[in-house]
Amino acid sequence: MNDMRIVERAVETRNIKISARGVQVHYGDKHALRDVDVDILDNTVTAFIGPSGCGKSTFLRCLNRMNDTVAVAKVSGTILLDGEDIYDRRVDPVQLRAKVGMVFQKPNPFPKSIYDNVAYGPRIHGLTRNKAELDEVVEASLRKAALWNEVKDRLQEGGTGLSGGQQQRLCIARAIATSPEVLLMDEPCSALDPIATAQVEELIDELRASFSVVIVTHSMQQAARVSQRTAFFHLGNLVEYGETGAIFTKPSDPRTESYITGRIG
Amino acid sequence: MMTTEPHIASAFDRDLEAIQAMMLKMGGLVEAALLDAAQALETRDDDLAERVRRGDKAIDALEEQINIEAARLIALRAPTAGDLRTVLTVMKIAASLERCGDYAKNLAKRSSVLSQMSPISGSAGAIRRMAKAVEVLLRESLDSFVQRDARLAADVRLRDAEVDQMYNALFREFLTHMMEDPRNITACMHLHFIAKNIERVGDHATGIAEQVIYLVSGALPEEARPKDDRTSTALPPGAK
Chain A
0 MNDMRIVERA
10 VETRNIKISA
20 RGVQVHYGDK
30 HALRDVDVDI
40 LDNTVTAFIG
50 PSGCGKSTFL
60 RCLNRMNDTV
70 AVAKVSGTIL
80 LDGEDIYDRR
90 VDPVQLRAKV
100 GMVFQKPNPF
110 PKSIYDNVAY
120 GPRIHGLTRN
130 KAELDEVVEA
140 SLRKAALWNE
150 VKDRLQEGGT
160 GLSGGQQQRL
170 CIARAIATSP
180 EVLLMDEPCS
190 ALDPIATAQV
200 EELIDELRAS
210 FSVVIVTHSM
220 QQAARVSQRT
230 AFFHLGNLVE
240 YGETGAIFTK
250 PSDPRTESYI
260 TGRIG
Chain B
0 MMTTEPHIAS
10 AFDRDLEAIQ
20 AMMLKMGGLV
30 EAALLDAAQA
40 LETRDDDLAE
50 RVRRGDKAID
60 ALEEQINIEA
70 ARLIALRAPT
80 AGDLRTVLTV
90 MKIAASLERC
100 GDYAKNLAKR
110 SSVLSQMSPI
120 SGSAGAIRRM
130 AKAVEVLLRE
140 SLDSFVQRDA
150 RLAADVRLRD
160 AEVDQMYNAL
170 FREFLTHMME
180 DPRNITACMH
190 LHFIAKNIER
200 VGDHATGIAE
210 QVIYLVSGAL
220 PEEARPKDDR
230 TSTALPPGAK
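Chains as they are written, first to last, in numbering that gives the first Met the number 0: chain A, 0 to 264; chain B, 0 to 239.
Think of the hints as simulated: they come from the structure by calculation, not from any bench. Note that beta-carbon positions come from the ideal geometry of N, C-alpha and C, so glycine has one too. Accuracy of the hints is not assured; some may be wrong.
[Unchecked claim] With the C-beta cut set under 8 Å, the calculated list includes, among others, these residues of chain A facing chain B:
{"no.": "1", "residue": "S218"}
{"no.": "2", "residue": "M219"}
{"no.": "3", "residue": "P250"}
Bound-form chain B, shown alone (with noise of 0.2 Å):
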């Protein structure tokens, strides 16, 4: 249980208000980051495409931000318990939303690259649809740190299952399409890429909600869960 009574040094509140807010915000720019790449990829909207790969330079910056004002408030209020618990998630949370934004952005690139090809069908859709369930682990991980919620957050944890089977899908559908027609294979290869990277940001998402359960109780989650994503000892079809 977390207390949530005020300090009686009430500037102690505002800078761990203040470091939580910061990262709050990053993480609604990073949401809205990889909703619009991956608009931008489905309706070869270049526009869109380049406002994305421009706003993550504010992501860095608040990153930055924050690692400084943790270290100001690590360095002059030596927090303990929770407060102590409550900086290094901050600090920890922010870090993985920096990396989460590096993948919007490089979705964002790459779907500039991809609107000069041909499109492949139906892939740019189930990639939106699999951005889309990301960004709900996402958000939701980070509601359960607005809300102290360990029990939340250990239910984004065990979801992330659902995004490795979409990206198996669709590994498994890049395959086809390359072996259909070799001329698939460099926009197959940058719509792979796009796919694992927002894998991986469901996994920051589960890192996220496993510092939350930290951040509640004390102690990370003891038992592993469970992992989809079969794809690193996939064969080609037919092979033995």
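With the rest of the complex left out, here is chain A (with noise of 0.2 Å):
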């Protein structure tokens, strides 16, 4: 009777995608992640909120070892895909993330045709074995990003001429064109206009079926409209971790709540 899950929104499975133990991560002197320890489930949008500084992108970018670009930092603890570590020396960081897809806050396309910009990861990754397949792939992946009908007839314009909304979905096809298995998104919304981003967020909404969806965003409203489970981020720690209905009726913590209502920024 406590179950605040209405049907469309809960969540079927209980297999666990990514798996986080003691996690820390240190920027220099900076201790910017304390001890974070997660489960984060298959077909399952999980949002991290949290006010700047909180750790909550830094974590996402432990997920597909985008902090190895980042000289000064160091993250221990271990994080494992599927049960494999990804921090194992034997894991090629390129090839992990064409598993771990990433969208970003600035639609970031290549100054390529639009064509061209979804069909690099597949190229690059030795994906298909001709023409053909490739056009399939860039032709399933512009469609699951629902850019397929608006882009079809100029495949080999530039990708930077089209609208910002569109942009993002590119960015979002291309980095389904690799058949990632996680797709991480940094603020994927934060440049959009209002029905830009509610394209994106149903586009979310259509990707858990296929993969597990980590979104960090500012948005509170956008965390409780698009994932199933939440993660609130506070100073390096994960404070509360839970289903998003729950999280945004009755928080646990004193700390979720303050930031929640809009009483700690």
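Grab the two chains, each in its own frame, and use the hints to assemble them into the complex.
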């Protein structure tokens, strides 16, 4: 009786996609993330919320080893993707990022055609054998990203000529073209207008049928709308992690309550 | 535990406080209407009864105002967690209080009718004591809201059984009066509706207390509360 989930939003799976234990991140002297333990479910949208500097983006960037590119960053603890340690020395970060795709805050299409933007990943990873297969992957990715109908007649035009919302959906198409298992999104709608935001949110909900989606957002309402699980970070700690409906109606930690009701910044 | 820190947006605090203040004002008016109506019945004061009847308009207007302001607050502020529970609770309590106001108004109407008839001995006093007991429950349920005191709310919730017992006693008394002398039937029917309506105000006080428990804890109480209204299965004396 106390289950607040509406059927449609219910998480059908209990399969753990990513399991993090004791994750710590230091940027030089700064202790950015303290001892984070979390299990991220498959076929679920998980939202990371928290004030600026709380560690949510830092943690997101641990999940596809983007912090490797930051010289002063030191990551410890274990992160398992399907039970495999992603920080194992035998893991190639480039291969990992094909499995764990990422979409950034500002749409950043390559200065290439729409077609080549989407074809880029499959080409460098050698995922297709011929032009016909590549065409198929490009079309399927653009369809999944709900962009196909708008661009199918101008695939050879530049990706940077699209509107902001279209560019962001192009970046999502590019990220899903390598058939990732996890999609990380770092504030994917913060540069978009409300219509484009709604389209991307609808897309996120559809994508969760195929992937585990993790989204960092500053919009509490967006977290409430798109996610089934919410994690609240504060001062480098994971304060609370749970079912989104429960977090937004009856959070168990007073810091979560203060943040989501607009009492601490 | 609910946080009491102010919001970063101070207008949000003012909006939340405004609907709570309106709801508590409603509560004060309903308590007064109930006591005044019971007093009008006992002292056969038609002027007081008329004032209670007219006063119900102010209670209804406050409820409407609360609904408008709460809808606005939900649309503009998108409240969550404790704030959301506060808004939902205020709306539900306001709806309960509006019903209680209607019961008090109905009591006042019947009291004007009863003042034209010969009194049933002892009944008006007993009804006033019952109204007083219910008014205390209502007041304490609203106090528990103000203080966010789930223990007081739980206590109010259990004490409604006392009101049920008072109602049972009156029910039997009216039956006896009606059997003794059929000329008492009209007055006793009115008095019985009055007693029943006051008993219902007690049920609303219980519902308000349950809302306060939800407000504070995030969940409604699960265990059943004791009920002592046995009149729905009552048979005439001597029946098998």
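Checked hints:
no.: 1; hint: S218; in the structure: 10 Å, violated
no.: 2; hint: M219; in the structure: 7 Å, holds
no.: 3; hint: P250; in the structure: 5 Å, holds
In this structure, the one hint that does not hold is number 1.
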